[in-house]
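Protein sequences appear in the order of chains X and V. Each residue of the first sequence is one higher than the one before, counting from 1 in the working numbering. Each residue of the second sequence is one higher than the one before, counting from 505 in the working numbering.
Any given hint could turn out to be false.
Unchecked claim - To be clear about the criterion: a stretch of chain V counts as covered by chain X if any three or more of its residues have a C-beta under 8 Å from a C-beta of chain X, and this derived list gives those stretches:
#	segment
1	588-601
2	613-627
3	739-745
4	928-941
5	956-963
Calculated directly from the structure, the hints in this document are not laboratory data. Even glycine gets a Cβ: it sits at the ideal position worked out from N, Cα and C.
Number of protein chains: 2
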Amino acid sequence: MSVTSRNPATGDERVLDVDETTSEEVAHLARRAHDHVFDYAARPLTWRATMLGAMADELDAAASDLVDLAVIETALTRPRLEGELRRTSFQLRFFASIVTEGSFLNASIDHAHDTPMGPLPDLRRVNVPLGVVGVFGSSNFPFAFSVPGGDTASALAAGCPVIIKAHPAHPATSQACFEALRRGARKADAPEGLVSLIFGLAAGEALVDDPSVAAIGFTGSVAAGRALWRRASERPVPIPFYGELGASNPLVVSRRAASRRASEIGRGIAGSVTLGVGQFCTKPGLVFVPSTTDGDTVVTELAEVIRELSPMTMLSSGIAEHFREGLRALSEISQCRPLVNDGEGIDANVRAQLFEVSANDFASSPARTLRDECFGPTALVVRYDDRDDLLRALDATDSALTFSAFIEEDDDESWLVEYGSTKAGRVIVNGYPTGVGVSWSMQHGGPWPSTTASWATSVGAGAIGRWLRPVSYQDVAQKLLPELLRDDSTVHVVRRVDGVLQGL
Amino acid sequence: MSVTSRNPATGDERVLDVDETTSEEVAHLARRAHDHVFDYAARPLTWRATMLGAMADELDAAASDLVDLAVIETALTRPRLEGELRRTSFQLRFFASIVTEGSFLNASIDHAHDTPMGPLPDLRRVNVPLGVVGVFGSSNFPFAFSVPGGDTASALAAGCPVIIKAHPAHPATSQACFEALRRGARKADAPEGLVSLIFGLAAGEALVDDPSVAAIGFTGSVAAGRALWRRASERPVPIPFYGELGASNPLVVSRRAASRRASEIGRGIAGSVTLGVGQFCTKPGLVFVPSTTDGDTVVTELAEVIRELSPMTMLSSGIAEHFREGLRALSEISQCRPLVNDGEGIDANVRAQLFEVSANDFASSPARTLRDECFGPTALVVRYDDRDDLLRALDATDSALTFSAFIEEDDDESWLVEYGSTKAGRVIVNGYPTGVGVSWSMQHGGPWPSTTASWATSVGAGAIGRWLRPVSYQDVAQKLLPELLRDDSTVHVVRRVDGVLQGL
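Based on the sequences and whatever the hints tell you, model everything.
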């Protein structure tokens, strides 16, 4: 079956020059990638870094064409897509620097020694790549969380061949990005098939099932993620599944912050809720505002900006329809009061909406609708009377990717920082959660349902850790050890030697 | 229902002064433990280390009584149990040192800075404890992998309260170990209920299901592990499940090694196969020996020692019956030739057996029986003609905890080291896999079916990583940050600052 590219803004369709990938082709690509596992892992770290850099260069060189395609396929704005692509090539170069820095290998050498439990042999440990990684591109970030995105970059950095399943919302962008990656790989003399691209739902399922595939990276909804995770776990040989799923990220405005910055905060929240048409996994979906007149101002400003910003075009008519279903479900909850509700839109075009509920009703209602992510330009404002009321409502939220708190320097609600760390992977003070920086200290992940593995991150240096496992070598002769575990290694990376970190 | 302690050597039973834990009691203990999560995580690392040391001291002080109980309940030898207990208190002290060393926190500070993708905010990351950890004690290590074992020690070191499900094969030992841990906790002024003990299958299931429990550590069979893993994954809020399961660990003798050390190696393998009545997860279950006359000598010596060592008493009559079922299944495979087969034994008493199969038959047979772990004093000898024959048979094995190779310095088969790293978590040259040292560089784990998470280890410093998740703090004021993320922190641990490791 041919792959079709749709323009969500106009409804125009165009048939691409590629077909959905058959399960036989998936098996072939997976076997070919698997054949490269040894070779790729054995190449010098500097070579691996060079290849990632070459891929970044090819993306930059093709930037104009890639953004043109993505504008048509996603209806996201050109500045947003240009920024996302810059971030994507930056991310590839960032992982190149992580590869050569080498601490991700967690190398450790314990020379033979005596202990209270008896003598221990010579023991040396290093992280090795898992093998072929399957990546599921996301709908909402056609570059940064798709074909050339963080999962691909971190898996390649870890030494794993990658097979990417293109998201059906932007197949032409996916194909063009893949070609840029492949040009980079070829320029670096990488083996053919180190990176592959597949299309179609059935091909994605075949990828999860394939015995040559060792791990999966996924960005998408809770429902799809949970189904694929189960599939990966129920294989004869289960494999790790790293899903970055949905989140209804809390954002709390303290009474004092509302009293001093009501308008600024209200307008800021509106910008964050509607950024990229609300299609960010870090969108603040639950906005906790005090039931004071200052709180009223926050909400009024928030509602006003949201009303002004409508209508908008979502990534696809299917995603828009799912958004409308979410809005209808919220409307049907009697305690849920619509604040902005100017119609639904049609096809991929939607109108932003805003709802309000009391903290007490939120805490006491068992309705999943109040807690589940509604992907798109909307938020649920939760109005609280006092700290106990706020805490009960926060306790009734799910864990999330982010937790934001607007507090003052002299605020009584600074406990929100520590509390936030129990609910999310990133705690933000006086800022908005949309926007996830690529850096050493970034954690993009959190407890279920925001991810399937809260110890992992899909953004930042730590993302490489998902595609590695440690191997220890006991009493292995120097010449048979991986080079960086030898006593006279010339690979300059941090190593722990007899318990002490060395080589910085 | 009362808990009963059985002596596997005599069949004697005695009713203990404890009952199986009801699901209501499990819920109570889990809630109580959960109430301590904040307090425990917030205490200084030095306090945490002191408590682990106090627990080790109490175990040492009670060593004589603990070993007496374990001898009766497990039929393991006194020297073995004394050594295991020494290792267990050593392990608690080792984790105390890891806590104060602090690199497990993976602290990282990125000051606000400009990047090609725009300015980044101040971002700081540290690992936080997951919350209450449930631990399933093993049958085969009543100390080191049970109540006071590695899962408990590493979870407490990570800052997590622990609830331990006692293994039914040694309830009195479990209770006495728990009391020692509790005495240590009380001496350190730990909150009551930081460590709890439960009994019974239903209580274990309730533990996995409990909403207050954040993660599970398990040591046991593939079947039980997979069932509990599924249970943990299918909860409304899934939790991580770290199962150290079964493994049929390969051990390869090269042609040249056989020609030079046949007798020594044959006798050594026999010792490793029958150590602790073959009840080690690292037992070499698949022994690859060349089809040469030297190989015949290896096998003859191996068989002779195994024959001499029989009969033996296993940990329980249930485990012995399961072992006999495994032996019968092997006997029923026509290509499988019995080498030692002097009867079955009764109750908990068994006779060691040894089987042989050709590498070709092993590689071409789909029978799971040839690959699955047979827990107890037996091994399957796989005879190979040449390198291709060996490689085909090795490719047909499952992944395992360990991979051992007996090779000479001038051997043609040194490729076995690199090959082993693709199949197991620990590669051993000219040594036996039984015996797992507690150290920085130990990796005790490997791909499925040896564990449910190949990135994790249940022994060694890395074991602490299972009970942690990272949290990033964005633009959080110094005074509201966890102390070790502040610019002027007085907690002296390794931190990455603006991408560079510091403080060593």
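Status of the hints after comparison with the structure:
no., hint, verdict
1, 588-601, "holds (count 3)"
2, 613-627, "holds (count 9)"
3, 739-745, "holds (count 4)"
4, 928-941, "holds (count 9)"
5, 956-963, "holds (count 5)"
Comparing the model with each earlier hint shows no violations; every hint is respected.
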